[in-house]
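Chains as they are written, first to last, in my numbering: chain A, 1 to 519; chain B, 1 to 519.
Source of the hints: derived by calculation from the structure; they are not laboratory data.
Each hint should be verified, as a subset may be incorrect.
For chains that are exact copies, the list does not tell them apart, and a pair is met inside one copy or across any two.
Keeping only pairs whose Cα atoms sit at most 16 Å apart, straight-line, the calculated EDC-like set for lysine to aspartate or glutamate is [said to hold, decoys possible]: (1) 323 - 306; (2) 323 - 491; (3) 346 - 188; (4) 273 - 114; (5) 284 - 159; (6) 446 - 164; (7) 249 - 357; (8) 446 - 504; (9) 284 - 255; (10) 249 - 494; (11) 273 - 108; (12) 446 - 471; (13) 284 - 464; (14) 284 - 256; (15) 273 - 164.
Number of protein chains: 2
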Amino acid sequence: MNGADSLLATLEHNGVTTCFANPGTSEMHFVAALDGTPGVRGVLGLFEGAVTGAADGYARMTDQPAATLLHLGPGLANGLSNLHNALRAHSPVVNVIGDHASYHRALDAPLTSDVEGTARPFSHWVRTSIDEQALAHDVADAITVARRGQVASLILPADAAWNELSTPAASPTALPAPLPVVDGAVAEATARALLDAGSRGAILLGGRTPRADALAAAGRIAQATGATVFTGTFAPRVERGAGRFAAQKLPYAVDEAQQVLSQFDTLVLVGAKPPVAFFAYPTKRSTLATPGTHMIDLTPETPRADLPLQAVLDSLPQAARTKAAEAKPVDLDLPQRPTGTITPEKLGVFLAGAIPENAIVVDESITSGRTFPEATAASRPHDWFNPTGGSIGWALPVATGAAIACPDRTVIALESDGSGLYMPQTLWTQAREGVRVVTLILANRKYQILRHEMKNVGVEMVGDTAATLLDLERPVVDWVSVSRGFGVPAESVETIEELSAAYERALAADGPALIEVVL
Amino acid sequence: MNGADSLLATLEHNGVTTCFANPGTSEMHFVAALDGTPGVRGVLGLFEGAVTGAADGYARMTDQPAATLLHLGPGLANGLSNLHNALRAHSPVVNVIGDHASYHRALDAPLTSDVEGTARPFSHWVRTSIDEQALAHDVADAITVARRGQVASLILPADAAWNELSTPAASPTALPAPLPVVDGAVAEATARALLDAGSRGAILLGGRTPRADALAAAGRIAQATGATVFTGTFAPRVERGAGRFAAQKLPYAVDEAQQVLSQFDTLVLVGAKPPVAFFAYPTKRSTLATPGTHMIDLTPETPRADLPLQAVLDSLPQAARTKAAEAKPVDLDLPQRPTGTITPEKLGVFLAGAIPENAIVVDESITSGRTFPEATAASRPHDWFNPTGGSIGWALPVATGAAIACPDRTVIALESDGSGLYMPQTLWTQAREGVRVVTLILANRKYQILRHEMKNVGVEMVGDTAATLLDLERPVVDWVSVSRGFGVPAESVETIEELSAAYERALAADGPALIEVVL
């Protein structure tokens, strides 16, 4: 048993069954060890961003880490932007980053770099294994850390991977994620504050908290107190649609968010920090809640926010609890399918009726999708993924990982064309793995958000030179050609009727499909 | 005049005329300022690796920095792997990395990260501008640093970009790159050692040193002393072919390199460190020169190694100098074009005859290209780019930047299919800019080098699971479709005759072209 075998045995022992990988020479023993570890599935990505993004998507659905396998500093570097998103999504991830053999580092060979320094800004935890004997314990520690909703980066020197263990050890067992501490005094204070605030109270569920049970508890509290329930703009996964309890998504645009929050003087933060603007603008305030708002931090980020919210519910007086019990989940309400040329608004209505039961919707629609959350609030029950860290190009990788985690569910990726151009080779992994991902490319052929942002930052005139950096024409990308090149069947549509037909074909397919929606 | 205007004026004042960019909201004032700075051309990349790689290619040809424009920590992160290569190529690069407004950082908005920490492992110099007034001096410092063959990363807070300067200042002038110090004693010792060593002497030109003048001086020294001239395996740019002085490329494979170097007991290092293996292997030595070899460090890395080499030449005794004068450059020797099915060997012969006068050959052919350097030694004069840092996927971006630096020259990119799949969207920038780049995709449909490396690290049996991580089939990438999707005309060829015809069409085209060469 060499170090790589020991590492993989420990992953398998702890239920880490998927390894998204883009290996190189220094990872060859790890790759060879996969042959002897049938419980860990290797999934090849052609680019490291596809690998780390897939791990994020996998974690959003399972609350458990997948492993990644990355090749030295530059391989890790290619995966960092999606690790940033994973970190902001509180996604459990265990990175295994191969490095040179320990004795080779000092020679400063061309691929040598500061791997720990590269990992640190995008990891909660970084460790270089000192030798083959340490690996099993190190990776168990990494899994324990990851299960807390963190990114753990374990650096694997090539000689630690290939050396034989002097004492083959049993695989250590990683710790489970802790449940949130329920503080009775905080629960009581929250209940009292919301009762006092009435309709000027709001509950904001951020991070991984907007799961069905937590939303149900929040919905009942809202019914009893008159509060409004919000989900964070950047909540990684919201369980929503018919049968779930309604919540509004806090808007992205600063003015709109400030306007919405100005209606409240009491804000209960559930796995959320005081909300702030995504970017600063010369003449806008960077905080979103009205100054002076009473904020209560109910619980830190957790997928089990139902526990502290239930405690708030239990702290309400009897009459309020009776009222709470009258709260009703959302009724299914599917709109009529629109017709004709596609607009972003019509696309929202189309989606509302088209999301399949239990689908996972991965939303990187950016400007084209501003109406989607409201339009789809009463669709069939589904999970909705939001952007988390703001690094774009995540939807294709994250959709791929979610589909691998949940092979029985359909994944709908809503991808703006500008964003999809960051990591288009992810489509190849979708084709190879035969995942059920339907990608809609929302093709407005420009960085539309930057056109808005030019105005927001006070630039009135966009000249020709600046304009060339904001448009995606000259040439127009032919998404059908790109997608087919990577092995994913594709069509381009310009009307809702064409979209409907293409969408039905895509849902009926065995594997992935892509539809370019020309806007 | 705001900070962004001042920054751009300073770039223009110092001859930094090209900015490869992938901007976001925090860079909008910089983008707007481009409209008022006609001397700086903005070139859009759809992915940051395309941006930083293009800056590397631009610098390899000009020895001057281009600027890059990147968006916060994740945007920088996407560009790091090609910055690693640029750093190892000693390419001058000035990165401008937008960050949140200074007062916004503390709010920890979703896109906040440690930008300085992210830049540091892949930069020689990192600075965050403190305010708009400091920007001009900061970017002038960055240019000074870059001209030394370094990567300079300047972080630009959004408010420093948008604030008006209280005192509009003249643009400071950056310092030129210093010429190498020529040490007479070292030159004399080198001359003496090489005379003593005779045919057991060798001269290794690493880094940016293998330019025509330096190779001519080294070739004359070799003629006088009996030494052999090598260029480093990872020299970023070698001026070679007919009319230049011959040099052998030090082989990549460890055993082969050790075998070659065992013939020498004296090794003169010109801009090179003692050569080491790219990777460590369980049973191989990591250093390449025979232990006990007498090494002389003639000069540090510089594109002007002709100066210290000329000093060595001048230190030779009269008789040796007379002999040196007899040295002859390479005669043009174009082989007959081969025929039939394409093999890597035949492709090398094809290239030997097909490289146009003054072409720039960007070589990321990896296993398929092992015979290319020797085969093309007597081709028409050209520049040959080698991998430098070992981070793969660099050839398309670097070729694009080289073509933008040298619009009158043809660029031939030799790209292995696995490598080309890292940053294929670079093709779009080629199409938009209409660059004269002919890309040959060498499609063996596997990570062939990793199959070799499995054996090298001692893995005898590759099982089915491991094999899935090493092959690029299921599905086969259709490069013609991918390339056309990004706007670059493409063909696929399987015989030398088809290749010849496609190649002639590509050379005759106004803009870029891609040929998938099925191996």
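Outcome of the hint check:
| no. | hint | result |
| --- | --- | --- |
| 1 | 323 - 306 | neither (19 Å within a copy, 88 Å between copies) |
| 2 | 323 - 491 | neither (51 Å within a copy, 70 Å between copies) |
| 3 | 346 - 188 | neither (45 Å within a copy, 80 Å between copies) |
| 4 | 273 - 114 | neither (32 Å within a copy, 19 Å between copies) |
| 5 | 284 - 159 | between (54 Å within a copy, 12 Å between copies) |
| 6 | 446 - 164 | neither (54 Å within a copy, 29 Å between copies) |
| 7 | 249 - 357 | neither (21 Å within a copy, 61 Å between copies) |
| 8 | 446 - 504 | neither (28 Å within a copy, 35 Å between copies) |
| 9 | 284 - 255 | within (8 Å within a copy, 64 Å between copies) |
| 10 | 249 - 494 | neither (29 Å within a copy, 55 Å between copies) |
| 11 | 273 - 108 | between (43 Å within a copy, 9 Å between copies) |
| 12 | 446 - 471 | within (4 Å within a copy, 35 Å between copies) |
| 13 | 284 - 464 | neither (27 Å within a copy, 58 Å between copies) |
| 14 | 284 - 256 | within (12 Å within a copy, 64 Å between copies) |
| 15 | 273 - 164 | neither (47 Å within a copy, 33 Å between copies) |
Violated hints for the displayed structure, listed by number in ascending order: 1, 2, 3, 4, 6, 7, 8, 10, 13, 15.
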